[in-house]
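What follows is the residue order along each chain.
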Amino acid sequence: MLIKCPHCGTRPVEEFTFNGDASIQRPTSNDPKTMDQWFDYVYLRDNPKGRFEEYAHHSSGCRAWLVVARDTQTHEIFSVVTARDYAKKRVAS
Amino acid sequence: MTGFRLDKGGLVDRAAPLDFTFDGKAFTGFAGDTLASALIANDVHLMGRSFKYHRPRGVISAGSSEPNALVELREGARKEANTRATMIELYDGLVARSQNRWPSLEFDIGALNSLASAMFVAGFYYKTFMWPKSFWEKIYEPIIRKAAGLGAASKEADPDKYEKAYGHCDLLVVGSGPAGLMAALTAGRSGARVILADESSALGGSLLSENEEIGGMSGHAWAMATISELSAMPNVALMPRTTIFGWYDDNIFGAVERVNDHVLEPSPYEPRQRYWRITAKRAVMATGAEERPIVFGGNDVPGVMTASALRTYANRYGAAAGKSVVVFTNNNSGYRTARDMKAHGVHVEVIIDSRKEATGDAGGVPVIRGGAIVNVRGGKRVSGVELADHRMIPCDAVAMSGGWSPIVNLMCHRGAKPKWDERIAGFVPPDVGNAIAAAGSAAGKMLLSECLADGARAGTLKGKTPALPKCRDEAFAVTPLWWVKESTGKAFVDYQNDSTAKDLPLAAQEGYRDIELAKRYTTAGMATDQGKLGNVNAIAILAEATGRSMDQVGTTTFRPYYTPVSFGAIAGPFVGHHFQPVRKTPLHDWADELGAIFVETGLWMRSSWFPQEGEDWLASASREVLATRERVGLCDVSTLGKIDVQGKDAAEFLNRLYCNTFSTLDVGKARYGLMLREDGIVFDDGTTSRLAADHFLITTTTANAARVMSHMEFCHQAHWPDLDVQYVSVTEQWAQMAIAGPKTRATLQKIVDEVTLDDKSFPYLAAKEISILGGMTARLFRISFSGEHAYELAVPADYGNLVARSIMQAGEEFGIAPYGIEALSIMRIEKGHVAGGELNGTTTAGDLGLGKMMSSKKDYIGRMMAAREGLTDKNRQCVVGIRPFDTMDKIRSGSHILKKNDAPSMVADQGYISSVAWSPMLNMWLGLALLANGRERHGEVVKIFDGVRNIHMFGVICDPMHYDRENKKLHV
Chain R
1 MLIKCPHCGT
11 RPVEEFTFNG
21 DASIQRPTSN
31 DPKTMDQWFD
41 YVYLRDNPKG
51 RFEEYAHHSS
61 GCRAWLVVAR
71 DTQTHEIFSV
81 VTARDYAKKR
91 VAS
Chain F
1 MTGFRLDKGG
11 LVDRAAPLDF
21 TFDGKAFTGF
31 AGDTLASALI
41 ANDVHLMGRS
51 FKYHRPRGVI
61 SAGSSEPNAL
71 VELREGARKE
81 ANTRATMIEL
91 YDGLVARSQN
101 RWPSLEFDIG
111 ALNSLASAMF
121 VAGFYYKTFM
131 WPKSFWEKIY
141 EPIIRKAAGL
151 GAASKEADPD
161 KYEKAYGHCD
171 LLVVGSGPAG
181 LMAALTAGRS
191 GARVILADES
201 SALGGSLLSE
211 NEEIGGMSGH
221 AWAMATISEL
231 SAMPNVALMP
241 RTTIFGWYDD
251 NIFGAVERVN
261 DHVLEPSPYE
271 PRQRYWRITA
281 KRAVMATGAE
291 ERPIVFGGND
301 VPGVMTASAL
311 RTYANRYGAA
321 AGKSVVVFTN
331 NNSGYRTARD
341 MKAHGVHVEV
351 IIDSRKEATG
361 DAGGVPVIRG
371 GAIVNVRGGK
381 RVSGVELADH
391 RMIPCDAVAM
401 SGGWSPIVNL
411 MCHRGAKPKW
421 DERIAGFVPP
431 DVGNAIAAAG
441 SAAGKMLLSE
451 CLADGARAGT
461 LKGKTPALPK
471 CRDEAFAVTP
481 LWWVKESTGK
491 AFVDYQNDST
501 AKDLPLAAQE
511 GYRDIELAKR
521 YTTAGMATDQ
531 GKLGNVNAIA
541 ILAEATGRSM
551 DQVGTTTFRP
561 YYTPVSFGAI
571 AGPFVGHHFQ
581 PVRKTPLHDW
591 ADELGAIFVE
601 TGLWMRSSWF
611 PQEGEDWLAS
621 ASREVLATRE
631 RVGLCDVSTL
641 GKIDVQGKDA
651 AEFLNRLYCN
661 TFSTLDVGKA
671 RYGLMLREDG
681 IVFDDGTTSR
691 LAADHFLITT
701 TTANAARVMS
711 HMEFCHQAHW
721 PDLDVQYVSV
731 TEQWAQMAIA
741 GPKTRATLQK
751 IVDEVTLDDK
761 SFPYLAAKEI
771 SILGGMTARL
781 FRISFSGEHA
791 YELAVPADYG
801 NLVARSIMQA
811 GEEFGIAPYG
821 IEALSIMRIE
831 KGHVAGGELN
841 GTTTAGDLGL
851 GKMMSSKKDY
861 IGRMMAAREG
871 LTDKNRQCVV
881 GIRPFDTMDK
891 IRSGSHILKK
901 NDAPSMVADQ
911 GYISSVAWSP
921 MLNMWLGLAL
931 LANGRERHGE
941 VVKIFDGVRN
951 IHMFGVICDP
961 MHYDRENKKL
971 HV
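Protein sequence lines, in the order shown, are assigned to chains R and F. Those letters in the first sequence? Residues 1 to 93, by our numbering. Those letters in the second sequence? Residues 1 to 972, by our numbering.
Calculated directly from the structure, the hints in this document are not laboratory data. Be a bit skeptical, because a hint or two may be false.
To be verified - The calculated DSS-like cross-link candidates involving lysine-lysine, where the alpha carbons are at most 27 Å apart (straight line), are:
no.: 1; chain 1: R; residue 1: Lys49; chain 2: F; residue 2: Lys419
no.: 2; chain 1: F; residue 1: Lys857; chain 2: R; residue 2: Lys88
no.: 3; chain 1: F; residue 1: Lys858; chain 2: R; residue 2: Lys33
no.: 4; chain 1: R; residue 1: Lys49; chain 2: F; residue 2: Lys502
no.: 5; chain 1: F; residue 1: Lys380; chain 2: F; residue 2: Lys490
no.: 6; chain 1: F; residue 1: Lys281; chain 2: R; residue 2: Lys4
no.: 7; chain 1: R; residue 1: Lys88; chain 2: F; residue 2: Lys760
no.: 8; chain 1: F; residue 1: Lys462; chain 2: R; residue 2: Lys89
no.: 9; chain 1: F; residue 1: Lys490; chain 2: R; residue 2: Lys33
no.: 10; chain 1: R; residue 1: Lys33; chain 2: F; residue 2: Lys857
no.: 11; chain 1: F; residue 1: Lys502; chain 2: F; residue 2: Lys52
no.: 12; chain 1: R; residue 1: Lys89; chain 2: F; residue 2: Lys858
Go ahead and model the full structure; you've got the sequences and the hints to work with.
This is the structure:
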């Protein structure tokens, strides 16, 4: 599989380290009442067939964390953005 | 014809004889032979024994699909098991042995299995070896393991080299028959970058084995002319001896190039094999088609082979598989074989065509239409065939053709399934988009003209398809015949696994109707050939038995590798220290000079102890501890991870990463920090120093250095992208050493430039940039892992050895000694400091006795989850000290702890010992343990149980800090 890093261009998948679902967001509250949200964030993961947005660390490259949108069935890659842009866009929306 | 070598013809070089041995017997072949063709030319047909029944077996095919003729090639360290005689190029001095027989190939005891064949029906593993259950481990499994498996691997290390290589092209052409050559030629002429790969030793594919006519010349001459034109093109790479074994995402192909498998020993400057990754914009799968056997009685007797194999041995290798041939066919291939063999002067007795109304050019050979072979006579060699009408025809070779199966594997490697094509009675490749296309007989095109046209089309990347050379077509028609049910002898579907035609209906009857289940139950389609010859027959027989169509039954899953790939090729050059490079610390030379014994921790070589004459590791480490605790010691701690953190928000960033607070840390001071994982478990620890308001230096454990860095990058970029902070690993930029012991201050005072090392200007936990040895930049931290008055000194890496030697010199008058990580470990256990044994991914800050570090005033990674009930339970196992009740006893790490009077059981388990050390200060073994509700149990006598070594003893729980509980020595 080839991934187009926004900084480094098209690179082989071996240069990347994956860290699961990017669509879930770390809760911000420390209120004990939000424990369920935290539990979901830390432990619960979907295993979708089809489009999946996933954290990928370009660990053997520029060291940027990326979010790769990929089809889990065909491995077609729809988009690659930096985790930074992804996070900022999420805050904005 | 002399013997079985034809007088003329074939592509072998009769002027280049080669000597080889098979099972110790000497033979001669020619350059251009395979081991199989050379053996056939020497009238050797018995090449192996079958897996279950140990039946005598000969070669069935002339290519990579061969299920039977598997041999051990070469000897000693280069011995390779299960190599296919059909793919081994003959070389002078080749040594091969048959497999799966004892005591000899001619007389094999295992053949008695045939007499008990009722026991070996489908699913026999599951049926036979079930009862009694207790027999499995001690009796059944060892027997099966001994009897199963084919060749034996060498137990010596592989002396040869392997390489990895990367290729990029506009068009990858897989297979160099008519379609492949035409595709490569078309694309090559247009200027495209082309790679043409073929698994055979020579390019040309079927044109090397068949009598064809293309462009007014023989097919072979046309192939040679085309290859010659291709080899002159700078944009075309020709790769014979290269198997494209898999198709992966993004049109990446895996390939193995057998660079030196065809010589006795590779040149010392070349690899044996090269493992390729080829990224192709487009690819053409011109892999051809595989001729199928027919399932009839005795279809495995040596001398029975596919019709095309018989032709290949004659046309390409100049070897006749027999002197009197019977052909059994359901399509035109048999006719072709009869004509070709006759042209070579070999007698062809008869063509038995299973089709009642078949036509074909038999070249004058008599044809029996609507006939079938029910049994083959002969044990180790064919002596004749019996027909359904009870006729007996003597012969010494049988050519069979059950039709053709396009070789669809590559295009199915990413999950798509092939489709059944009634017209050619074969599975054809699925449509998988534009990146890869099938061409020629791989696409089900059975005429030569179609193959050339298909290849030209696939090779046209832009513009118009070029004009095609004229050629002669052999008509094609097939009527399936899967299984001659009247067979009287054993009729094999899968040769390598000895699966017979009767096994499949039996599997269906017992509920294994799904082809994937039937495969596992009957083992048809398993092992090294993965059913290349037998699968379609198996599917057809299962389809008939269950009243389904070929498409309804479908195929099993096609996975890489297409043919077996050696571990050597997969590993490539990355073996030994090329797999795991050695990391040496900047103080390596200094430690080496002093006779250090190094230990590998991760990639690092760390100085472990510094033995003097006659000392073992424990004597050395104990002496180093005493020297440090009584005088002064120097230890290399450069492997600790060091991360430089700077920026306006650096303090805030660290506050969020660590459970304790860093924004309150004064400039010029260090503080111990604890990082949690998001689930509340401790992740890592280390000291962090504040060098300026916006500048921190954090240290991590050696093991977690890389992980902490990635974690910081993740947290910053994914969680808090607005924080203005930068950080970089400086682990390798700094040499770091711990100097510890009551004489440390006096020693260091001699090398520092202007600082006075008293408690006022350099108090405990001071951390400052200073200069030493007359102007060298250094960082000095007054921190202690040993519990002594201690410092850590960091200097630029290149000065590490110099500074260490200077400190040794300065400390000489005080009796300084170097100490290694064994002594370091003893001292930390004496002091009850936690390390890897306790920071083991299951412990919380509370478990480690560090619960008070967790701030309640801020958010940080792990805060919420660490507050969960289960992680704060008072009965959790927490760190305690442990000592043997009898101080002469030795406690061992990993031992379990029980209440004094309890017998060992999971329920009674109270915890375990996580670290132990011999304490030279207390003259006994002592340790740290994780014990349920341990903090309440200091003073309790417990039972220590080591089930591995069967040791039972009593121990006493105590405070983890075994030595200098008042920390007086820190401030000496």
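Earlier hints that do not hold, by number: Violated: hints 4, 7, 8, 9.
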